[in-house]
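> Counting from 1 along the sequence shown, just add 11 to a position and that's the residue number in the numbering used here.
Everything labelled a hint here was simulated from the structure, so no lab data went into it. Possibly wrong hints are sitting among the right ones.
[Stated by the list, open to error] Pairwise CB distance ranges, derived in the manner of DEER restraints:
1. F54 x I74: 19 to 27 Å
2. Q99 x T60: 55 to 63 Å
3. A38 x W66: 54 to 62 Å
4. E86 x V64: 31 to 39 Å
5. R61 x S88: 35 to 43 Å
6. P39 x V67: 39 to 47 Å
7. K41 x L83: 57 to 65 Å
Virtual Cβ for every residue (Gly too), placed ideally from N, Cα, C.
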Amino acid sequence: MATVKKPSVKKTVTTKKAPIHKASAKAPVKVRSFHVSPNDPTFPTFKITRQTVYWVIIVSFIIFVQLWILSLQLETSNYIEAETSAIQ
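Start from the sequences, fold in the hints, and give me the full structure.
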């Protein structure tokens with residue numbers, strides 16, 4: 012005896028679509044090259060920033076190296092002068 016097979020019922024899966032955002036009604040902002048921006052802080056204001064700290068470190072390193080080179084030059088000059096006076 013053959014049994015009748017029931018047809019399988021396929022369930023349809025409905026997916027929700029993401030809402031479509033419409034473009035704003037404003038006109039796009041035009042990009043202008045070489046536009047001078049307003050200078051909010053005045054020139055004499057003093058504010059310590061990260062860049063200020065970097066510059067202080069760099070300048071102090073340069074001063075240290077210059078003083079070290081100057082001392083080496085003076086030592087070398089004194090050594091050469093002492094050697095020339097000893098020879099004569």
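> For every hint, state whether the structure bears it out.
Evaluation of the provided hints:
no.: 1; hint: F54 x I74: 19 to 27 Å; verdict: 25 Å, holds
no.: 2; hint: Q99 x T60: 55 to 63 Å; verdict: 59 Å, holds
no.: 3; hint: A38 x W66: 54 to 62 Å; verdict: 42 Å, violated
no.: 4; hint: E86 x V64: 31 to 39 Å; verdict: 33 Å, holds
no.: 5; hint: R61 x S88: 35 to 43 Å; verdict: 41 Å, holds
no.: 6; hint: P39 x V67: 39 to 47 Å; verdict: 43 Å, holds
no.: 7; hint: K41 x L83: 57 to 65 Å; verdict: 59 Å, holds
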